[in-house]
Every structure is written in C-alpha cells, then in structure tokens.
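Given the sequences, and given the hints that come with them, work out the whole structure.
Sequential numbering from 1 applies to the sequence shown in the UniProt record's numbering.
In short, the hints are calculated from the structure, not lab data.
Misleading hints may appear alongside valid ones.
To be verified - Each computed SDA-like pair below joins lysine to any residue, with the alpha-carbon atoms no more than 20 Å apart:
1) 311 / 233
2) 236 / 309
3) 248 / 385
4) 205 / 117
5) 311 / 239
6) 205 / 191
7) 207 / 171
8) 240 / 296
9) 278 / 406
10) 222 / 357
11) 296 / 365
12) 278 / 403
13) 238 / 314
14) 236 / 226
15) 178 / 168
16) 248 / 382
17) 211 / 230
18) 306 / 223
19) 278 / 341
20) 248 / 349
21) 114 / 101
22) 94 / 186
23) 278 / 295
24) 248 / 218
25) 178 / 163
26) 369 / 295
27) 248 / 364
28) 211 / 117
29) 178 / 260
30) 205 / 113
31) 236 / 307
Claimed, not checked - Distance windows between CB atoms, simulated:
32) 213 / 269: 14 to 22 Å
33) 335 / 212: 21 to 29 Å
34) 375 / 126: 51 to 59 Å
35) 133 / 315: 41 to 49 Å
36) 218 / 195: 17 to 25 Å
37) 170 / 218: 30 to 38 Å
38) 375 / 234: 38 to 46 Å
39) 384 / 321: 44 to 52 Å
40) 314 / 218: 22 to 30 Å
The beta carbon of each residue, even a glycine, is placed where N, CA and C say it ideally should be.
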Amino acid sequence: MTNSPSGPWVPTTANLVPPNVLMPSLARNAPAPPLHSPTPVAGAHLSDSKATEQAILGLFGFGSIEECREFMEANKASKGGRRRKGAPYEQDRKLIASVHYHALLLLGCDPNDKSYTVPEPLPLCAPVRTDAGGVRLYNPVWAMGPTSPRNREYIDAVVSSIEESEKARPTLGQDISKAAIRDQVRTFFAQLRRRYQSQVDPAAKKKQEAKNDDTRSRQRRKHNADAHRDLFDEFKEKYKEQAEGIEKLIMTDWGSSECSDEGNWPTKAEAVAYRRLKGGGDNAWEVRRKEWRSEKYNRIIGAFRKLRRQKDEKDQEAARTSGKKKDRLGRAKIPRVLGADINANHGPPRTGPRMPVPYEWSVSREWAKSWAVRTGNAELSVRTGEHLPVFDLDIPDEDIDPEYLDWITKDLGNVPVDSESNEREETS
Numbered sequence: 001m002t003n004s005p006s007g008p009w010v011p012t013t014a015n016l017v018p019p020n021v022l023m024p025s026l027a028r029n030a031p032a033p034p035l036h037s038p039t040p041v042a043g044a045h046l047s048d049s050k051a052t053e054q055a056i057l058g059l060f061g062f063g064s065i066e067e068c069r070e071f072m073e074a075n076k077a078s079k080g081g082r083r084r085k086g087a088p089y090e091q092d093r094k095l096i097a098s099v100h101y102h103a104l105l106l107l108g109c110d111p112n113d114k115s116y117t118v119p120e121p122l123p124l125c126a127p128v129r130t131d132a133g134g135v136r137l138y139n140p141v142w143a144m145g146p147t148s149p150r151n152r153e154y155i156d157a158v159v160s161s162i163e164e165s166e167k168a169r170p171t172l173g174q175d176i177s178k179a180a181i182r183d184q185v186r187t188f189f190a191q192l193r194r195r196y197q198s199q200v201d202p203a204a205k206k207k208q209e210a211k212n213d214d215t216r217s218r219q220r221r222k223h224n225a226d227a228h229r230d231l232f233d234e235f236k237e238k239y240k241e242q243a244e245g246i247e248k249l250i251m252t253d254w255g256s257s258e259c260s261d262e263g264n265w266p267t268k269a270e271a272v273a274y275r276r277l278k279g280g281g282d283n284a285w286e287v288r289r290k291e292w293r294s295e296k297y298n299r300i301i302g303a304f305r306k307l308r309r310q311k312d313e314k315d316q317e318a319a320r321t322s323g324k325k326k327d328r329l330g331r332a333k334i335p336r337v338l339g340a341d342i343n344a345n346h347g348p349p350r351t352g353p354r355m356p357v358p359y360e361w362s363v364s365r366e367w368a369k370s371w372a373v374r375t376g377n378a379e380l381s382v383r384t385g386e387h388l389p390v391f392d393l394d395i396p397d398e399d400i401d402p403e404y405l406d407w408i409t410k411d412l413g414n415v416p417v418d419s420e421s422n423e424r425e426e427t428s
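Structure below.
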C-alpha cells in the first residue's frame, strides 16, 4: 500500500470501551473515504546471516536446516503425527475461532461471511460508528501497526469482549491467559491489515491470493501426510524389519497436491466434467500426481493409501451405525479423485531452506532424464550416501488399490474430454 507523506496525522479519541454486550447485533460496513497516514518509521531488524544461522543450528547439533527439519518431521511421526484430542491444539483452535468472531463483530463484519470487507479508516473528526444495538464499531488505521493508539484501542476492545464473554459462558478453559488472548488478537489484526491492503491494491490482492492458494495446498498435503503417519504402526506390523526408516519417507512437501480449482485444465467446465466422470461430483478435489517420484516410492504411498482406505471403511461403518455423517470438526467430507495427466505436476521437487531434500532412491530416473532434455538442467538436488532398509521393500500389487496402481502407471482409461485426450497424445 502506498501512503501519502502529505496526509494528515490522525489524533485518536479517548479510550472508549464498549458496554458489556456479549453478542452485538451485526451491522453492515459503512466505509468512509480512505485515510492516508504518514509512513511509519521502520524499526531495526536483526540480520539473518548464514554464519549466525549455522552457529545456532550447531548449538543443537544440526549441520543444516534440512537436517533439523528432517529430525522434527521424524520426531513428530514417532509420536503419532497429530496431537491427541484434548491437547493444547484443541484449545488454540477454540481461541482462534473466538478471536475471529469478536474481532469481526467489532468491525461491523459478519463473522459467518467469508467474503467480508474490512472497513476503511474513519476520516479526521468523523463520529464513531455503532451497530443497531448501540455498541461501538471500530475503524482501525490499517496503514499503522498494532501499537498505534487507535489500533491499540481496537485490540483492547476485542480482548475485553472475549473476557466478558468467557465470564458469562466459559469455552476456552480456566488456564487461558489474557496475554495468550492478546497475542492471538494481534496475530489476527496482522491478517486483517493484509486483507485491507489486498482490497485497495490489485497487485497486493493477487499476491495474497497466490499465498492463500499455496497455504491451502500445503495444508491439504500436511493432512494427508499426518494420516499416513498415523498408520506407521500398521505399516511396520505388516512389513516388519523392511519398514525400518519409513518415518523419513513421509514428508509433507513430497506429497501429491490437491486442487479444488481447474488447475491446468483450460476451463473449469472441463475440470468438473472429469471429476464428475471419476465419481467425485462437481465439488470434488483432484489429486495431482507428482511426476518426479519413483515407482518404488509411489508403491509405498499406494500401500499407505490402501491401509488408510481400510481404516476409513471401518470408521464409516462405525459412523453409519452411530448416525454420524461428518468429520470430527463437524464438516461434510469432500470427495477426492485421482487427477488426469493434464493436471499432473511435471516439475522437480520443491526446494528451500525449510524443505527436506528427497533421497535419490525416491526420484524417478525416467523423469530426471526427460526433465534434463526439456530444460537443459541436469543438476538435481537429491540426498545420497544413506541407505534405508525400506528402500529394499517391494510392495506387491495386491497391497495397492487397483485404481491408484493404474494411476501411478498412467493407465487412466478412456477420458471423454477433448483437452485431456490432446494432452495425452502430445506427451506420449
């Protein structure tokens, strides 16, 4: 967002705490003309030098950030992946929901409307807004941080609203602290600032949408990886000593992504036609195959998928007899379909300082050769020099779902969609 250096400095009114109304009535936003404020002076930041990073890693016995991440993933996997029910995660989730609810109410936004519009800052000397019940609504100065007087006033009001609500009807537990509530409010305030910036700046909006898409995609991969980690005991029981080292192969960033939009399809209509054909319906998510993964690695994932399907069938039977039709968070389950060739990920493994480097064993030699021909880049970042017993595990066909087995060998059958047929002819 560009701030006008000539814009007026905006004084704030005295702290006005809303009355003890726990659930103020919802009022639509009444945006005022945008307010330009002086650009705040940026504070000093610590340098992120390689030497400092390496020194810190060395204190904990790690040679690289990849090694640290691998240890964390494996340690998480050994504890069953996801946190148990009743762990702090459940309380955090309730706190986040409460903060979002009260913060949006005090802006005059509908907490149930995901497409809400963040209100503009009020112009100089403008009267404050109130909702239909007379409760004050706030218009933070989004160009400034959470410590500016007007923004701090809004954050204090949200914290007070949550505390009053907890006194009347406790939902967060007795051990929740005011500091924890305030920290979560400040976190959400930062999200609101980014949302406002995307409202007034098309470039920022495009950047934020791309970031949101990437975050959603990784969350879906993480969900699948966690589901596989929950099956480590079953996998080890089935394959015995040959399963040694499996914890190092189930990494979030090596998993197939799932898209709810058209992905690489030319049109949304073609994507929907394919997903409908595969039995997922109009709103199904499409699993995008990663071309860089080797056959042996894919077969191990296939074994996990079959174990997971067997577990899901047991859970569905239990849900059928209990009458439960939704997941543990009360959401309807979304169907997935194995994706078409046109929607496969043809690129290399994702790399970065926080991403584990895949083993050479897990990378397809056929893909690596074709990638080198297409791009002229024969250099790939892979891990060598370590041999895990699980590398020698041969998963038989009967341990893999037939549909998934066909999918990883690209035997997708007839697909009556024009662009998909053209894509298969071009890549064959």
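The hints, checked one at a time:
For a cut-off of 20 Å, the pair hint linking residue 311 to residue 233 stands: about 13 Å separates their Cα positions. Of the pairs offered as hints, the one joining residue 236 and residue 309 holds, with about 17 Å between alpha carbons and a cut-off of 20 Å not exceeded. Annotation: proposed proximity of residue 248 to residue 385 holds, straight-line Cα distance about 14 Å (limit 20 Å). For the suggested pair residue 205 and residue 117, the alpha carbons sit about 13 Å apart, so the restraint of at most 20 Å is met.
With a C-alpha separation of about 17 Å, the suggested pairing of residue 311 with residue 239 holds against the 20 Å cut-off. Distance restraint check for residue 205 and residue 191: the Cα-Cα separation of roughly 13 Å lies within the 20 Å cut-off, and the hinted pair is therefore satisfied. Taking the CA atoms of residue 207 and residue 171, the gap is about 36 Å. The hint is violated against a cut of 20 Å. Among the hinted pairs, residue 240 with residue 296 is consistent with the structure: their alpha-carbon atoms are about 17 Å apart, no more than 20 Å.
Under the criterion of a C-alpha separation no larger than 20 Å, the hint pairing residue 278 with residue 406 is consistent with the structure, at around 14 Å. Restraint check for residue 222 and residue 357: satisfied, since their Cα atoms lie roughly 17 Å apart, inside the 20 Å limit. The straight-line distance between the Cα atoms of residue 296 and residue 365 is roughly 12 Å, inside the 20 Å bound, and the hint therefore holds. Taking the CA atoms of residue 278 and residue 403, the gap is near 11 Å; set against the 20 Å cutoff, the hint holds.
Distance restraint check for residue 238 and residue 314: the Cα-Cα separation of roughly 18 Å lies within the 20 Å cut-off, and the hinted pair is therefore satisfied. Among the hinted pairs, residue 236 with residue 226 is consistent with the structure: their alpha-carbon atoms are about 16 Å apart, no more than 20 Å. About 16 Å separates the Cα atoms of residue 178 and residue 168, which keeps this hinted pair within 20 Å; it holds. Distance restraint check for residue 248 and residue 382: the Cα-Cα separation of roughly 14 Å lies within the 20 Å cut-off, and the hinted pair is therefore satisfied.
Pair hint residue 211 plus residue 230 does not hold up; C-alpha atoms about 28 Å apart against a cutoff of 20 Å. Proposed proximity of residue 306 and residue 223 is supported: the alpha carbons are some 16 Å apart, at most 20 Å. Pair hint residue 278 plus residue 341 holds up; C-alpha atoms about 14 Å apart against a cutoff of 20 Å. With a C-alpha separation of about 16 Å, the suggested pair residue 248 and residue 349 falls inside the 20 Å cut-off, and the hint holds.
About 12 Å separates the Cα atoms of residue 114 and residue 101, which keeps this hinted pair within 20 Å; it holds. Only pairs whose Cα atoms come within 20 Å are accepted, and residue 94 paired with residue 186 is accepted, the gap being roughly 16 Å. For the given pair, residue 278 sits about 23 Å from residue 295 by alpha-carbon distance, which is inconsistent with the 20 Å threshold. For a cut-off of 20 Å, the pair hint linking residue 248 to residue 218 stands: about 18 Å separates their Cα positions.
Simply put, residue 178 and residue 163 have alpha-carbon atoms about 8 Å apart, close enough for the 20 Å limit, and the pair holds. Taken as a hint, the residue 369 and residue 295 pair is honoured in the structure, with Cα atoms around 15 Å apart against an allowance of 20 Å. Between residue 248 and residue 364 the alpha-carbon distance is near 18 Å, which keeps this suggested pair within the 20 Å criterion. For the hint pairing residue 211 with residue 117, the CA-to-CA distance comes to about 19 Å; that is within 20 Å, so the pair holds.
A threshold of 20 Å between alpha carbons decides the hint, and for residue 178 with residue 260 the separation of about 38 Å lies outside it, so the pair is violated. Between residue 205 and residue 113, the direct Cα distance comes to roughly 18 Å. Compliance with the 20 Å bound is thereby established for this hinted pair. Restraint check for residue 236 and residue 307: satisfied, since their Cα atoms lie roughly 12 Å apart, inside the 20 Å limit. At about 20 Å, the CB distance of residue 213 to residue 269 agrees with the hint of 14 to 22 Å.
The supplied range of 21 to 29 Å is met by residue 335 and residue 212, whose beta-carbon atoms lie about 22 Å from each other. Our hint of 51 to 59 Å for residue 375 and residue 126 holds, since their Cβ atoms are close to 57 Å apart. Distance hint check: the CB atoms of residue 133 and residue 315 are about 44 Å apart, consistent with the given range 41 to 49 Å. In this structure the hint that residue 218 and residue 195 lie 17 to 25 Å apart at CB holds, the actual value being about 20 Å.
For residue 170 paired with residue 218, a C-beta distance near 34 Å keeps the hint of 30 to 38 Å intact. Checked against the hint of 38 to 46 Å, the C-beta distance between residue 375 and residue 234 comes to roughly 40 Å, which is consistent with it. Taking 44 to 52 Å as the suggested C-beta distance range, the pair residue 384 and residue 321 conforms, at roughly 51 Å. For residue 314 and residue 218, the hinted distance range of 22 to 30 Å is satisfied, since their beta carbons lie about 28 Å from each other.
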